[in-house]
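Given next are the chains, with one letter for each unit.
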Amino acid sequence: MAKKSVTKSESGKTRRVIVVGGGLAGLTTVIKLCEAGVPVDLFSLVPVKRSHSVCAQGGINASVNTKGEGDSPQVHLEETVYGGDFLANQPPVKGMADAAPGIVFMLDRMGVPFNRTPEGLLDFRRFGGTLFHRTAFAGATTGQQLLYALDEQVRRYETLDVEDDKGTAIRGEKMVRKFEFWDFLSIVKDEEGRARGIVAQDIKSMAIKAFRGDAVCVATGGPGIIFGRSTNSVINTGTAAAAVYQQGACYANGEFIQVHPTAIPGADKLRLISESARGEGGRVWVPKDPREKRRGRDVPQGDREYFLEDKYPGYGNLVPRDIASRELFLKCFHEKKGVFNAKSQKNENEVYLDLTHIPKEMLRKKLAGILEIYEKFVGEDPYENPMRVFPAVHYSMGGLWVDFERADNGSLVMGSPKNQSTNIEGLYACGEVDYQYHGANRLGANSLLSCIYAGLVTGPAMASYRQGLGKSSFDSSSTLFEAAEKREQKKWERITAMSGSENAFQIHEELGQTMLIDVTIERHNDRLDAVLSKIESLTDRSRKIAVLDSSGHANDNARFVRHLENMLVIARVIAQGARNRDESRGAHFKPAFGKDRNDAEWQRSTLALHRDNGDNNPGINFVRAFDYSLLGKTQNITDAVDLSLVTPRARRYETAGAASAVAQHKGDEPKGAASKESAASAE
Amino acid sequence: MADKKIRLKVLRQDSPDAGASKRWEEFDVDWHPQMNVISALMEVRKYPKTVDGKSVAPVVWESSCLEEVCGACTMLVNGKVRQACTALIDQLSPNGEPVTLAPMTKFPLVRDLVVDRSRMFNDLKKVHAWVQLDGVHELGPGPRQSQENQEEAYPLSRCMTCGCCLEACPQINDSSNFIGPSAINQVRLFNLHPSGKMHAAERLETLMGDDGVVGCGKAQNCVEVCPKEIPLVDSIARVSRDVTKHMLFGWLLK
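Quick mapping for you: the protein sequence lines, in order, are chains A and B. Take this note's numbering: the last position of the first sequence gets the number 685, and nothing is skipped along the way. Take this note's numbering: the last position of the second sequence gets the number 683, and nothing is skipped along the way.
Accuracy of the hints is not assured; some may be wrong.
[Said to hold, decoys possible] Below, simulated DSS-like cross-link-like pairs (lysine-lysine); rule was C-alpha separation at most 25 Å, straight line: (1) K546/A with K69/A; (2) K211/A with K473/A; (3) K493/A with K475/B; (4) K206/A with K433/B; (5) K536/A with K475/B; (6) K378/A with K434/B; (7) K434/B with K176/A; (8) K206/A with K657/B; (9) K438/B with K378/A; (10) K434/B with K345/A; (11) K546/A with K478/B; (12) K509/B with K657/B; (13) K546/A with K483/B; (14) K554/B with K475/B; (15) K206/A with K674/B; (16) K657/B with K378/A; (17) K535/B with K546/A; (18) K433/B with K345/A.
[Said to hold, decoys possible] What the simulated footprint calls covered on chain A by chain B, stretch by stretch (three residues with Cβ under 8 Å from a Cβ of chain B suffice, anywhere in the stretch; the number is not a length): (19) 95-109; (20) 118-126; (21) 262-269; (22) 301-307; (23) 504-514; (24) 607-621.
By construction, these hints were calculated from the structure, which means they are not laboratory data. From the three backbone atoms N, C-alpha and C, an ideal C-beta is built for every residue, glycine too.
Using the sequences and the hints, build the whole thing.
See the structure below:
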């Protein structure tokens, strides 16, 4: 038999794959696929340049060690898994930390205007959970700049032709076809359960259409909007993850939701004030006297309580986010020492984030982006007055379960089709939507890195999968796709016909409230039980919604109902996961079970599978193990965490250097010795 | 003042081909703290009833980040093109004045406040707004760059492709095919980058036609409305100079 063509199916169609989501993870995946010669259809709810990655501010971590501090990828690995309270599989984290310097160099080559040192090198700043200057940055809009650089590279591939196996251009076939303003509805599965394509909806014409793809990747971001207002973009409803979860994909560690300590309140969203503000020397404090009425800038040093620095002399204002958020909550909510507000005549749940001691010129060069946001939305000058901030839901460590293949050196086997594969064959996931890199708590500036690294891993994995796949999706029976299209069309008709008495936005607001109050910083089992029954009642009510828009054109209202239904599904996975996990670990804090982990029982991933009971009341199966099939082989998966590289120990951020054994050791040496050593190794 | 109301006047149209449905509708929403145009629209969306008590379809608009970094929610607020997220109600309507919202006029309408800005993204293709990379594999550090260079490039690189500059530019109209300030600014940005400039000529050539730099009428409206304060006029001037130089002497250098 002649060698099977990789670029053409037997019926002569070009074998494309599908990537859903055009943030950092999706775009990187697309680039890697294109480099491997695999043409891609890229779907996105918004023009990819407007994806949520654009909101990332502070920077991207890479242990380049240009400051001569003795930083290394090994330290980065150790600090990341320690910060994540030992819930992350360590080989993918090692892969990420090792690749990080190369990733930042790649971005620099793409033209990201990273801040520079006087010598023309990349500048690095400090971030949470480390003592090293490890974070490369472009002002305080790093996410925007990274997203644009990748967007530009993908745009270039939109202009390039697909080549066949002999290297001849195929007319009319471009390497990347973009489908922007398309909403992902579901994957198309064949009889064996393999992903063969997707169904999506054009959100302008509302047309529902099935697309073939030899592999599918969802890179659709987090589910922050489940919590009502958060630091997330309004598009982050988690709807794609919810859809594939209901089609059988495993959702892991859903209960781990990161609350960022410093955001500013708003009626429509809570706007982030980056951790880089503290990385550049910003200090968090409250007045010692809770009745303090002077303006922040007028309160003398002696009357201020720098509570993070006092309690954590080792890491100070740069303790990881879970800890900082808990301390802010303790100060404001339990001790009632939040900043006194003259207008409301009460102590608000706000603390000061103070940059006023830092030279303005430096602030302008390094933090202008976030200070502009504060100025525009609060109407106060953060160069002159301490900012008032409070915690806000920010990031989901949990997400779709994905596999990895461990290499002998402890890292990943690049190009293995297992990497970033969900338990649905042919369906991949990467970016915030996956659960892989951050364990129970993500360190700042690791998210841009994990998105890009996961993309670099996913592209080759999908290319290998396509190569190993027996029959192309482009040779699959068209009835498969027609049936999927019909199924989604029926669902859409059901929604547009809804004429009950409930309001979708009201239900969403109530969902957000209950999740925000009881499933964030502190969790109590009786409250979680109440949340679960609230979600159940909201789900009931969501079946009686009145759809207010009957238009067949750009009907956002009916579309929101679908997103809401999916949010309710994932909300349940998050809340039930939190209810089950009786311990405190990273961002998941249950005071009733003490401050520490219970490794004997809970050193394991939460694995949630959708259970369709055939009625209106689906359930969740929390499992300890499952099997899935990939290219003819059965993979046996358990909830055990791969801890093969760094041995778990209790987190103690009170002590400087506690997060890394290697760094701690380095810190013991006198400065001269350390520089001598690095000089020796350079030889 | 719990009963303070804010009045929104919204220019609506059901779809591009339904010109007859073009109309102004007015809505009253409760004032709330930190209110911006988006949160006001969210209130309208919840209970879409006009001031005459008529139930209508919710207003449709485009938005994503809500912190003026994605560019999605650009529209005309009180006649001025800007992002709706940073349009704070207390500043727009200190004494309860009505706030008018209308879609941008220089792009094809989709529905209500949503327009189709795909031409801007296509223009980025036209001018080759990218660095021509050999690949994303590891090739070591990028070229060194001075702080000065970074400080010039970074502001140029903050363009959100929001469309404010095109909306404000008098040269963008039905009888002109001027590419507009944002794409020209991208040419300056990439021609500034140490490896981007290796393909500077290619980019300049894309701006030599009648849709290129000659289209600028020097009204300088673009720089006035740019939410990111990108020095667009400066960019157009520099790129024009480079285009002219390339036209006159480019062939000599080949």
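Broken hints, by number: 1, 4, 7, 8, 14, 15, 17, 22 and 24
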